[in-house]
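> Sequence:
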Amino acid sequence: MTVIARFAPSPTGKLHVGNIRAALFSWLYAKKAGGKYLLRLDDTDTERSTEEFAKGIETDLEWLGLKHDIFARQSDRIAEYESAAAALKEAGRLYPCYETGAELERKRKLQLSQKKPPVYDRAALKLTDDEKRALEAEGRRPHWRFKLDSEKTGFDDLVQGHVAVDAASLSDPVLVREDGSFLYTLPSVVDDIEFRVTHVVRGADHITNTGVQIQIARALGAEQPVYAHFSLLQGPEGRPLSKREDAAFSIEALREAGYEPMAINSLLARLGTSDAHEALLSLDELAAGFDISHLGRADIRFEPAELDRMNASILHLTPYEAARARLADAGCDLGPAFWDAVKPNLARFADVAEWARVVRGPITPVIEDADFAAEAAAELPAEPWDIATWGLWTEAVKGKTGRKGKALFMPLRLALTGLDHGPELKNLLPLIGRERAEARLRGVSH
RNA sequence: GUCCCCAUCGUCUAGUGGCCCAGGACGUCGCCCUCUCACGGCGAAAACAGGGGUUCGACUCCCCUUGGGGAUACCA
Numbered sequence: 001m002t003v004i005a006r007f008a009p010s011p012t013g014k015l016h017v018g019n020i021r022a023a024l025f026s027w028l029y030a031k032k033a034g035g036k037y038l039l040r041l042d043d044t045d046t047e048r049s050t051e052e053f054a055k056g057i058e059t060d061l062e063w064l065g066l067k068h069d070i071f072a073r074q075s076d077r078i079a080e081y082e083s084a085a086a087a088l089k090e091a092g093r094l095y096p097c098y099e100t101g102a103e104l105e106r107k108r109k110l111q112l113s114q115k116k117p118p119v120y121d122r123a124a125l126k127l128t129d130d131e132k133r134a135l136e137a138e139g140r141r142p143h144w145r146f147k148l149d150s151e152k153t154g155f156d157d158l159v160q161g162h163v164a165v166d167a168a169s170l171s172d173p174v175l176v177r178e179d180g181s182f183l184y185t186l187p188s189v190v191d192d193i194e195f196r197v198t199h200v201v202r203g204a205d206h207i208t209n210t211g212v213q214i215q216i217a218r219a220l221g222a223e224q225p226v227y228a229h230f231s232l233l234q235g236p237e238g239r240p241l242s243k244r245e246d247a248a249f250s251i252e253a254l255r256e257a258g259y260e261p262m263a264i265n266s267l268l269a270r271l272g273t274s275d276a277h278e279a280l281l282s283l284d285e286l287a288a289g290f291d292i293s294h295l296g297r298a299d300i301r302f303e304p305a306e307l308d309r310m311n312a313s314i315l316h317l318t319p320y321e322a323a324r325a326r327l328a329d330a331g332c333d334l335g336p337a338f339w340d341a342v343k344p345n346l347a348r349f350a351d352v353a354e355w356a357r358v359v360r361g362p363i364t365p366v367i368e369d370a371d372f373a374a375e376a377a378a379e380l381p382a383e384p385w386d387i388a389t390w391g392l393w394t395e396a397v398k399g400k401t402g403r404k405g406k407a408l409f410m411p412l413r414l415a416l417t418g419l420d421h422g423p424e425l426k427n428l429l430p431l432i433g434r435e436r437a438e439a440r441l442r443g444v445s446h
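Under the working numbering, think of the first position of the first sequence as 1, with each following residue one higher.
Among the hints, erroneous ones may be present.
Straight-line C-alpha distance at most 27 Å; calculated DSS-like pairs for lysine-lysine [claimed, not checked]:
| # | residue 1 | residue 2 |
| --- | --- | --- |
| 1 | K126 | K116 |
| 2 | K126 | K109 |
| 3 | K107 | K67 |
| 4 | K398 | K426 |
| 5 | K152 | K89 |
| 6 | K107 | K152 |
| 7 | K107 | K89 |
| 8 | K147 | K109 |
Just so you know, these hints were derived from the structure itself, not from any lab. In this text the structure is predicted, and so the values were computed from the model without any measurement.
Full structure from sequences and hints, please.
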C-alpha cells in the first residue's frame with residue numbers, strides 16, 4: 001500500500017509556524033514511507049477564500065521545499081461532491097433543514113441558558129412532506145445535515161492513541177449550505193477517498209471533525225484513513241498563537257526577515273519530540289529521522305529565539321556551493337575562503353554583506369596608535385598571501401614592536417576591519433589583500 | 001454551560017510502580033581554544049503544579065483542586 005498523505009489548507013489566510021506543521025509532518029511522513037504527498041486547496045468557502053491566499057500558500061510551500069506529488073482544489077470537484085451528497089440522501093443520511101441562522105442561534109442560546117449542550121434538536125427530521133413544501137413555498141431553501149449515529153466513534157490515532165468521539169454530544173453537521181454550496185466536511189471525506197489518502201495528519205483541533213468524517217466515510221462505504229492529530233503550537237507566552245503572532249510568524253514574514261527555510265523545517269520537525277533539535281540541511285535527512293509517534297499530546301510552545309539559533313546553525317553548516325548562488329545575488333560572492341571564514345559569524349544570511357564590505361571596503365579603519373600601525377604596515381610581506389601570512393606578519397610585527405597578545409592583535413583588527421569583533425584575521429587578511437591592508441593601516445578609508 | 005485532551009529542568013521532552021536523590025537535547029553558567037565576537041570542545045547548575053488516596057514502595061495508578069488547550073458554526 002502506497003502511503004498518501006495530504007495537506008489541505010483553505011486559502012483563507014496565510015501559512016504560519018502553527019499551521020505549516022500539518023504540511024511539514026504530512027510531507028515528512030509520506031516521504032519517509034516512500035509515499036506521495038497531496039496538496040489540496042480546500043476552497044469551498046468562497047466568501048473567505050481568495051486566489052491571493054492560494055498563491056501565497058503555494059509560494060510558501062515551494063520555498064520550504066515541500067513539493068507536492070499531486071495537486072487538487074475542491075472548487076474543481078463540485079460534481080463529485082454532488083454525487084456523494086446524492087448518495088447520502090439516498091441512504092437517508094442527509095436531510096433537509098429549514099431553520100435560518102438566526103433561528104439556530106436562538107435555539108443555541110436557549111439551550112445554553114438552560115445549561116444544556118447546544119446540540120441541534122433534529123426538528124427538521126420530524127417535518128412532514130407537506131410542511132417542507134409549505135416552508136419552501138415561503139421561499140425557504142433547505143440546508144442539509146448529516147444524520148449522525150449517536151455512538152462513540154473510535155479510532156486509533158498515531159499521536160493521540162485511541163480516541164473516541166461521542167457523537168451524542170454533537171449536532172448533526174451541515175454538509176450543504178442553503179445556497180447549495182458545500183462546507184468543507186463532505187468534500188474533505190470525498191477527496192480523501194478518491195485520492196486514496198491513507199494518512200491524515202492534522203492538528204488536534206480537528207479531532208471532533210474526524211469523528212464526524214469517519215461516520216461519513218462509512219456511510220459512503222469507504223475505509224477510513226489512518227489519523228494523526230498533533231497537539232497545537234502555542235505562542236511564546238504559552239497562549240494560543242494570536243492574530244498578531246500569526247502574522248509575525250507567517251512563512252512569508254519569516255522569509256522576508258531572512259530566515260532559512262531549512263531552519264524553519266528543522267525546528268518545526270523536532271519541536272514537540274525529545275529528538276535533538278539539530279540543524280539539518282535537507283528535508284530528506286529530516287524525513288529520515290522523523291517519527292510521528294515521538295510527538296506528544298501536550299501543547300507545545302514556539303520560541304522565536306529557537307528559530308534564530310537554528311537559523312544560525314543552518315548557516316554555519318551551509319557549504320559554499322550551496323550558498324554560492326545567493327552570495328552572487330547579494331553581490332557578495334568572494335569565493336569559498338570568504339564564505340568559510342565568515343559563516344560562523346552569521347545569524348542571518350544578509351549579514352554576509354557586512355563582512356563582504358570589511359573585505360572589499362570601503363571601511364573606516366580605527367587607528368589608536370598611528371606609529372604602531374605604520375610600523376605594522378611596514379612589515380607587511382609581499383604577496384601572494386595565504387592563510388599563513390597573518391602568522392608570519394604578526395610575528396614580524398611582534399619582533400619589531402615588542403607588543404604581544406591583545407595589545408598586538410586588537411589594534412591590527414581595528415585598523416584592518418574597523419571593528420573590534422569578527423572572523424579570524426588569518427582568514428580575512430588574504431582576502432583583504434596587501435593594498436587595502438596597507439592603506440587601512442595608514443588610516444586611509446579603503 | 002457541556003464534552004475531550006494536557007500538566008517533569010527556562011524550552012522541547014525521556015520516563016507505563018522499585019532500574020529515577022529523574023535521563024537527553026536546546027538555552028544558561030563556567031572552563032578550554034582564542035587578538036575579538038562567533039564557531040568548536042569539555043564541564044556544571046537546573047524540573048516531577050498542589051492536595052488526598054492505593055501500595056511495602058509512586059514521576060508513574062485513582063480522585064479532587066488549580067492551571068492550560070481544544071471542540072461545541074450554513075469557518076476550516
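> Are the hints correct? Go through all of them and say.
Now the hints, each set against the structure:
A distance of roughly 21 Å separates the Cα atoms of K126 and K116; the hinted pair therefore holds under the 27 Å criterion. Simply put, K126 and K109 have alpha-carbon atoms about 22 Å apart, close enough for the 27 Å limit, and the pair holds. A distance of roughly 46 Å separates the Cα atoms of K107 and K67; the hinted pair therefore is violated under the 27 Å criterion. Distance check on the hinted pair: K398 and K426 sit about 15 Å apart at the alpha-carbon level, within 27 Å; holds.
This hinted pair checks out: K152 and K89 have alpha carbons roughly 23 Å apart, not beyond 27 Å. Between the alpha carbons of K107 and K152 the distance comes to roughly 25 Å, so the proposed pair stays at or under 27 Å and holds. At roughly 25 Å between alpha-carbon atoms, K107 and K89 fall within 27 Å of each other, so this suggested pair holds. Between K147 and K109 the alpha-carbon distance is near 22 Å, which keeps this suggested pair within the 27 Å criterion.
Checked against the numbered hints above, the structure breaks only hint 3 and satisfies the rest.
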